[in-house]
Amino acid sequence: MIGGRDAAAWIQPCLGTGALETTVEMMLLKKILRTPVVTEPLVRAESEEQVEVIGRQIDAWAQRVLGRSLHIREVDAGSCNGCELEIIALNNPYYDVERFGLHFVASPRHADCLLVTGPVTRNMADPLRRTYDATPEPKIVIAIGDCAIDCGVFAGGYGVIGPVSAVVPVDVIVRGCPPTPQTVLAGILAALQTHG
Amino acid sequence: MLRALALALLFFAAGAVGSLLAGSRPGLARVLGNTFALFGATVALGLGLAGAAGGTFEVVIPRLLPIGGVALGIDRLSAFFVVVIAVGAIPSALYALGYTRVYEKRHSLAGMGLAFNAFLAAMVLVPLARNVLTFLVLWEAMALASYFLVMTESEQRDTESAGWVYLVMTHAGFACLLVGFLLMSRAAGSMSFADWRGVSPAIGGTTRHAVFLLLALGFGSKAGVIPLHIWLPRAHPAAPSHVSALMSGVMIKLGVYGLVRVGFDWLATGPAWWGGAVLVVAAISAILGVLYALVEHDLKRLLAYHSVENIGIILLGVGAGMMFQSYNLPALAGLALIAGLYHTLNHATFKSLLFMGAGAILHATHTRNMEEMGGLIKRMPWTAVCFLVGSVSIAALPPFNGFISEWLTFQSLLLSFQISSSAANLIFVLSVAALALTSGLAAACFIKAFGISFLALPRSEHAREAREVDFTMRAAMALLALACVAFGVAPFGVLFFLNKAVSVLTGAPTDVHFGWNSVMANDSFASVSPLWIAVALVALLSAIPVGLRVAGANRRRRYYETWGCGRALQTARFEYTATAFANPFKRVFGLLYRPVKELDIQFHPESRFFVRTIAFRNEARSILEEALYNPLRRLAQFLAERARVLQSGNIHVYLLYVLIALLVLVMLAR
Amino acid sequence: MLTKILIEVIQLLVVALGAPLLLGLLRKLKARLQGRRGASVLQPYRDLRKLLAKEAVVSENTSWIFRFTPYLLAAVMLLASLLLPILTTHTPLGFIGNIIVLMYLFLLATFFLALAGLDAGSAFGGMGSSREMVIAALAEPTVMIAIFAIALRVGSTSLDEIVRRGTTESLLLLNPGHLLAFIALFVVALAETGRLPVDNPATHLELTMIHEAMVLEYSGRHLALVEWAAAMKLLLFLVLLSNLFFPWGVAATSTPGALGLAFVALGAKVSALAAIIALLETSLAKLRLFLVPELLSGSLTLALLAVLSFFFVR
Chain A
1 MIGGRDAAAW
11 IQPCLGTGAL
21 ETTVEMMLLK
31 KILRTPVVTE
41 PLVRAESEEQ
51 VEVIGRQIDA
61 WAQRVLGRSL
71 HIREVDAGSC
81 NGCELEIIAL
91 NNPYYDVERF
101 GLHFVASPRH
111 ADCLLVTGPV
121 TRNMADPLRR
131 TYDATPEPKI
141 VIAIGDCAID
151 CGVFAGGYGV
161 IGPVSAVVPV
171 DVIVRGCPPT
181 PQTVLAGILA
191 ALQTHG
Chain B
1 MLRALALALL
11 FFAAGAVGSL
21 LAGSRPGLAR
31 VLGNTFALFG
41 ATVALGLGLA
51 GAAGGTFEVV
61 IPRLLPIGGV
71 ALGIDRLSAF
81 FVVVIAVGAI
91 PSALYALGYT
101 RVYEKRHSLA
111 GMGLAFNAFL
121 AAMVLVPLAR
131 NVLTFLVLWE
141 AMALASYFLV
151 MTESEQRDTE
161 SAGWVYLVMT
171 HAGFACLLVG
181 FLLMSRAAGS
191 MSFADWRGVS
201 PAIGGTTRHA
211 VFLLLALGFG
221 SKAGVIPLHI
231 WLPRAHPAAP
241 SHVSALMSGV
251 MIKLGVYGLV
261 RVGFDWLATG
271 PAWWGGAVLV
281 VAAISAILGV
291 LYALVEHDLK
301 RLLAYHSVEN
311 IGIILLGVGA
321 GMMFQSYNLP
331 ALAGLALIAG
341 LYHTLNHATF
351 KSLLFMGAGA
361 ILHATHTRNM
371 EEMGGLIKRM
381 PWTAVCFLVG
391 SVSIAALPPF
401 NGFISEWLTF
411 QSLLLSFQIS
421 SSAANLIFVL
431 SVAALALTSG
441 LAAACFIKAF
451 GISFLALPRS
461 EHAREAREVD
471 FTMRAAMALL
481 ALACVAFGVA
491 PFGVLFFLNK
501 AVSVLTGAPT
511 DVHFGWNSVM
521 ANDSFASVSP
531 LWIAVALVAL
541 LSAIPVGLRV
551 AGANRRRRYY
561 ETWGCGRALQ
571 TARFEYTATA
581 FANPFKRVFG
591 LLYRPVKELD
601 IQFHPESRFF
611 VRTIAFRNEA
621 RSILEEALYN
631 PLRRLAQFLA
641 ERARVLQSGN
651 IHVYLLYVLI
661 ALLVLVMLAR
Chain C
1 MLTKILIEVI
11 QLLVVALGAP
21 LLLGLLRKLK
31 ARLQGRRGAS
41 VLQPYRDLRK
51 LLAKEAVVSE
61 NTSWIFRFTP
71 YLLAAVMLLA
81 SLLLPILTTH
91 TPLGFIGNII
101 VLMYLFLLAT
111 FFLALAGLDA
121 GSAFGGMGSS
131 REMVIAALAE
141 PTVMIAIFAI
151 ALRVGSTSLD
161 EIVRRGTTES
171 LLLLNPGHLL
181 AFIALFVVAL
191 AETGRLPVDN
201 PATHLELTMI
211 HEAMVLEYSG
221 RHLALVEWAA
231 AMKLLLFLVL
241 LSNLFFPWGV
251 AATSTPGALG
261 LAFVALGAKV
271 SALAAIIALL
281 ETSLAKLRLF
291 LVPELLSGSL
301 TLALLAVLSF
311 FFVR
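Chains as they are written, first to last, in the working numbering: chain A, 1 to 196; chain B, 1 to 670; chain C, 1 to 314.
A couple of the hints might just be wrong.
[Claimed, not checked] Here are the simulated lysine-lysine pairs, DSS-like style, with alpha carbons at most 30 Å apart:
{"hint": "1", "chain 1": "B", "residue 1": "Lys586", "chain 2": "C", "residue 2": "Lys286"}
{"hint": "2", "chain 1": "C", "residue 1": "Lys286", "chain 2": "A", "residue 2": "Lys31"}
{"hint": "3", "chain 1": "C", "residue 1": "Lys4", "chain 2": "A", "residue 2": "Lys30"}
{"hint": "4", "chain 1": "C", "residue 1": "Lys4", "chain 2": "B", "residue 2": "Lys597"}
{"hint": "5", "chain 1": "B", "residue 1": "Lys597", "chain 2": "B", "residue 2": "Lys586"}
These are computed hints drawn from the structure, not numbers from a lab.
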């Protein structure tokens with residue numbers, strides 16, 4: 001039922017057939033309705049020092065425009081996927097970034113912010129630049145994790161051409177290997193608030 | 001009025017003779033033939049409008065033909081069809097002025113001018129015929145003239161077989177008509193159409209049914225209903241584009257004319273199953289027509305299949321009308337018939353427009369294959385806009401003309417609940433579903449047709465080098481595009497004429513009420529105001545940018561490459577193809593297409609990790625042709641082989657055959 | 001005359017301004033059902049304001065179709081808001097078109113959106129267009145048969161008339177065919193507005209997208225218009241469903257009191273439908289594209305039953 005095997009199955013409860021499926025559906029509904037809100041309030045203090053606003057100034061225009069709605073495009077420029085796992089966690093009910101008006105989108109055209117992870121590899125340098133160019137102004141670039149900031153353990157590798165700032169202008173860096181979801185969140189919020 | 005007819009015929013004759021005489025100078029032949037055709041068609045338009053407004057004439061030229069002579073006359077219905085023909089013919093002749101220039105080197109423009117003018121004259125005359133023999137002679141003249149036009153590019157293999165299929169099908173249809181007409185003439189005791197309506201109800205059941213079936217078959221094959229459509233997607237694309245426009249836009253409408261005459265006039269009101277049969281065939285034609293169009297990537301063949309679909313939509317109106325008439329609901333019958341006839345006119349405009357657009361593309365890119373087009377909107381902006389208008393019209397979207405006639409058809413089908421017969425109700429319900437599905441699929445198909453041909457990047461060198469076509473071709477398309485808009489937003493002009501023509505046929509006022517700005521069906525059952533829709537859309541469209549300005553929207557626009565996940569290489573090969581676009585449809589309706597998949601990979605001889613070529617074929621088969629026509633063809637072949645026994649080459653034996661035939665005839669006639 | 005203009009202006013504003021709120025409400029409800037706090041219900045307004053302030057990046061492959069489409073989408077939805085009986089049974093511009101016209105206006109919007117999807121020459125856009133049209137085409141018969149079912153009972157296809165009959169003859173609402181037609185149209189509404197289980201409005205995966213894939217190229221003000229139009233379409237469908245099938249509270253007169261009551265009733269009905277959608281979207285997975293036809297033929301069957309029940313019952 002949940003897997004969507006049978007297309008008409010979800011109308012079936014209305015028609016009174018499929019007793020088993022109806023039971024499963026009822027169990028699911030009960031679970032949905034019983035589960036409380038599990039989102040935790042944001043704890044900032046511990047992660048502040050890992051975030052640094054650098055390089056290009058985020059101007060007042062960008063802050064005014066993006067202050068309460070920020071759509072994010074994640075770019076993996078060659079990461080080990082450690083940072084990705086932490087970033088994905090942002091979407092779960094515990095961290096729930098949506099409450100801050102943050103939203104992950106599928107196209108740089110829709111994005112205001114690029115979240116770049118990993119050292120930039122040779123193959124990803126050009127796509128990263130193109131993604132940056134495809135994003136409409138005003139836009140923010142946040143480098144996530146130690147590799148994105150100074151190539152981390154991959155520094156000097158033959159496939160690595162440098163940190164993110166070597167390819168596109170970076171506004172905020174978030175340290176950590178990997179940074180916790182909270183730190184990432186703090187970094188994004190810092191980009192929006194420091195100069196406000 | 002008679003003078004107008006004579007003048008029109010004179011122009012056509014001048015065009016035919018003029019282009020023949022100028023035979024050695026193709027440029028002159030082109031100009032003469034098409035200019036006189038243009039004049040003739042314009043006069044015919046005047047004739048049609050005068051007739052639609054109520055003017056009549058009857059003329060008999062006694063000894064020109066045996067049995068009754070040539071009898072011509074005009075009533076409102078004939079006049080309406082003359083208008084339809086003229087609406088297609090005027091732009092077609094104008095278009096041909098520029099379009100046929102490419103034929104000057106290779107083909108005889110003299111012959112083309114002769115056939116083109118003869119074709120136009122025959123078509124204008126067919127609805128005016130008033131007795132059997134006149135009708136049949138003109139009908140055959142029309143078929144032959146169009147056959148010669150189809151064969152213009154006879155050096156191509158496809159054309160030859162297309163012409164052959166067309167010739168066979170059109171003569172099979174002609175045979176049905178001939179037998180039907182003769183049966184009816186004998187039963188009614190007259191070869192004159194005017195006498196038939198009165199005596200028809202008195203004719204015995206079997207004869208009347210047989211006459212109906214034979215005439216319906218004959219006219220149906222001309223109209224291209226499924227399963228008699230097989231010549232249509234072959235012959236129409238093979239002809240030069242201005243002729244395709246005429247054949248698809250206008251000629252097949254004469255099949256509709258015949259059916260309307262049969263169902264409402266000649267045979268008077270028939271039993272309900274006549275209308276029911278027409279409805280069922282119409283629904284099948286509509287759905288299968290559009291489904292075959294969807295998987296077709298030859299632009300002109302796609303359009304030809306859409307003609308099958310639109311004939312289906314037209315006949316839904318006609319069939320519903322016949323049904324209402326049998327259940328004694330003449331007001332509703334009027335509504336349904338108006339819907340069908342309105343769609344006839346609309347289809348003549350947008351299908352001619354689309355075929356001319358396809359011709360313009362063919363002219364510019366030398367291909368009919370959509371997979372080699374693309375990006376033409378930047379290279380041929382005029383053609384693109386006109387083709388878009390045609391596409392939106394044929395997809396029946398408001399406020400263009402296809403919408404208003406399809407809307408009327410829907411209303412007439414929905415109102416069928418006034419019939420109290422379960423079988424009839426069921427047929428109508430399914431017709432509604434069929435029409436709805438058809439319109440959705442037609443929209444999808446024209447997104448494919450326009451989107452793949454005109455948008456994005458050019459897919460071939462030809463498309464990249466395409467240039468806009470010359471002035472006459474653009475003018476012809478613009479004329480038709482304007483007609484699409486005018487018939488869409490101002491339906492009262494058309495309805496005014498149709499209302500009268502139809503109420504004469506059904507014998508009661510119709511259920512359509514209209515003012516200058518709105519159309520109502522069955523009082524408060526439904527109303528629409530296309531004019532207001534157009535006005536409101538334009539007003540809102542211009543208000544929104546102003547609103548954005550007031551709201552302080554950013555007005556910067558930056559051009560950058562298409563988002564392709566950061567990929568470096570961006571070529572037309574990344575674009576969605578017509579095949580890809582149609583593929584989900586192919587899977588959903590797999591039962592009807594029976595798609596054949598073939599994957600042929602040639603590996604490098606050294607290693608299977610390197611591929612030399614990949615060939616992929618995924619074709620839809622036409623199950624109708626396989627199931628219905630192949631056995632027939634085999635049967636014909638078998639019979640023909642047996643019949644060869646008769647041909648001995650000995651003249652004495654042949655004389656014996658003649659003698660036997662004569663004897664049999666004498667005995668039969670006694 | 002002034003009242004009439006006023007009513008139309010109010011209807012326009014209800015749809016234009018209410019649509020983002022509906023989206024916000026729907027997202028908030030979904031967030032709560034998923035155990036999240038979720039964004040404020042006003043978040044869609046903030047998103048739109050931000051998009052309007054941003055520049056538009058346009059693909060160099062595109063033509064005027066791409067830039068024209070967002071405006072057309074918004075215009076069509078606004079036009080629809082003028083002829084739909086939203087607050088009163090006497091919509092001043094109701095004569096412009098009946099329910100079939102409304103559906104064809106939506107199809108007009110879909111047509112241009114699908115063209116715009118093809119315009120940039122990206123594979124995603126074409127894929128979205130193709131899929132969107134499969135769904136739109138297959139939904140069409142259900143829509144028309146459901147309309148047939150309604151027309152049979154009411155004897156009219158005029159939107160005003162259907163709602164009016166519903167308010168005066170409440171027995172009409174108890175008809176089994178009525179309920180079947182409602183379910184059929186509800187499924188179509190989910191399919192046409194790109195909700196689960198047909199399309200996932202929150203997906204990030206290009207290969208599963210339908211609506212989102214077509215608008216992947218839009219940015220800035222164009223994207224704002226497209227998203228606004230999509231929200232308006234959702235609201236219009238919910239208004240259509242609630243007023244056609246549960247016309248409680250729709251004003252029969254144009255007094256301020258009646259209109260106010262109608263406004264509150266509409267809010268309640270649309271919120272209830274939004275809650276149902278939120279619950280469905282939380283408990284359902286997206287269907288495979290090639291199972292969607294089965295879902296839609298299921299809804300067509302329901303609509304056909306709705307029609308047949310009339311012929312049998314009478």
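Results of checking the hints against the structure:
1. B:Lys586 / C:Lys286: holds, 22 Å
2. C:Lys286 / A:Lys31: holds, 20 Å
3. C:Lys4 / A:Lys30: violated, 48 Å
4. C:Lys4 / B:Lys597: violated, 60 Å
5. B:Lys597 / B:Lys586: Satisfied, since the Cα-Cα distance of roughly 12 Å is no more than 30 Å.
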